[in-house]
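Participant: Sequence:
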Amino acid sequence: MSHYKVLIIHNENQNIKELLAPYDENLEVEPYLKYKHNDAIEMIKEEYVPFNNFLKDYSDDKLLEWFADDCGYYLIDGDIYTTYNPNSKWDWYQIGGRFSGELELTEEGRLNAVGEIEKKYHIDIDLKSLREDSDYLRYVDTAPLKYIKWFTSLSNEAKANKRRWWEININGDELKDGEEKDEYLFWHPEWIRRRYKDVDTYIKIKEMITFFAVITPDGKWYAPSNMGWWACTDGEPEDELKWDLEFYDRFIKPNLDSNLICTVVDCHI
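Just so we're aligned: 89 in our numbering is position 89 of the sequence shown, and the numbers increase by one with no gaps anywhere.
Treat each hint with caution, since some may be false.
Taking lysine-lysine and the PhoX-like style, the derived pairs with C-alpha atoms no more than 20 Å apart in a straight line are [what the hints assert, rightly or not]:
(1) K149 <-> K253
(2) K220 <-> K159
(3) K62 <-> K34
(4) K162 <-> K176
It is worth saying that the hints were derived from the structure and are not from the lab.
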């Protein structure tokens with residue numbers, strides 16, 4: 001199964017639970033057609049073993065009945081129906097979760113957040129820590145959109161390391177003394193090239209704050225693809241590259257002068 005991060009952009013008075021509710025995998029909807037009778041029979045015979053080879057009382061209708069019962073479907077007038085939510089994106093979620101602290105506040109955000117947090121959550125802010133500890137009240141799960149740092153600057157050393165990683169693992173350059181290949185690289189190098197185009201774009205994206213999916217204040221879900229098991233999606237890498245490169249201009253920049261709130265949610269499917 002997969003964990004993935006979703007950014008919910010919302011008004012202060014909007015409820016996170018209500019914005020996520022339409023995408024709950026556990027939500028049952030009114031029965032709708034899944035397979036027509038003949039299509040279902042054909043699909044089952046293609047996907048499964050030939051039952052008539054070992055079942056004495058085999059029939060297409062009996063096979064369809066077993067299939068519907070086993071998969072939680074409904075047989076209505078010979079066709080297969082389901083109540084599974086066609087818009088399902090998650091089976092459970094947690095604010096922050098594995099992505100807790102994903103949002104970094106700007107310095108202005110840290111200072112402005114003091115009064116807002118104290119007022120809303122009745123929390124006493126340690127002003128001494130705020131002044132002396134640069135990480136205090138900096139990394140959060142929810143914050144006003146305008147107070148979030150949407151780009152980060154990698155150090156020259158970090159950029160050089162990522163560039164060398166690309167040369168070794170994607171380009172296949174010869175290893176130097178003390179170097180080794182990334183043994184945990186899950187994706188094929190060709191897929192990485194399609195996903196990031198080149199090393200400069202790869203580094204550029206690593207300096208951006210992006211999310212797999214976004215829910216906007218009107219409750220709409222936006223994503224470049226659908227998430228499946230083991231963090232594998234059904235999308236094309238070029239679409240995910242386009243998503244990352246356009247993320248800021250599409251979802252953030254138009255709202256910089258607003259009072260919208262951003263909340264990070266760890267979704268599981």
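Participant: Now tell me if each hint is right for this structure.
Facilitator: Hints and how they fare:
Of the supplied pair hints, the one linking K149 and K253 holds, its CA atoms being roughly 12 Å apart against a limit of 20 Å. For the hint linking K220 to K159, the alpha-carbon distance of about 36 Å lies beyond 20 Å, and the restraint is violated. The suggested pairing of K62 with K34 holds, with an alpha-carbon distance near 18 Å, which does not exceed 20 Å. A threshold of 20 Å between alpha carbons decides the hint, and for K162 with K176 the separation of about 15 Å falls inside it, so the pair holds.
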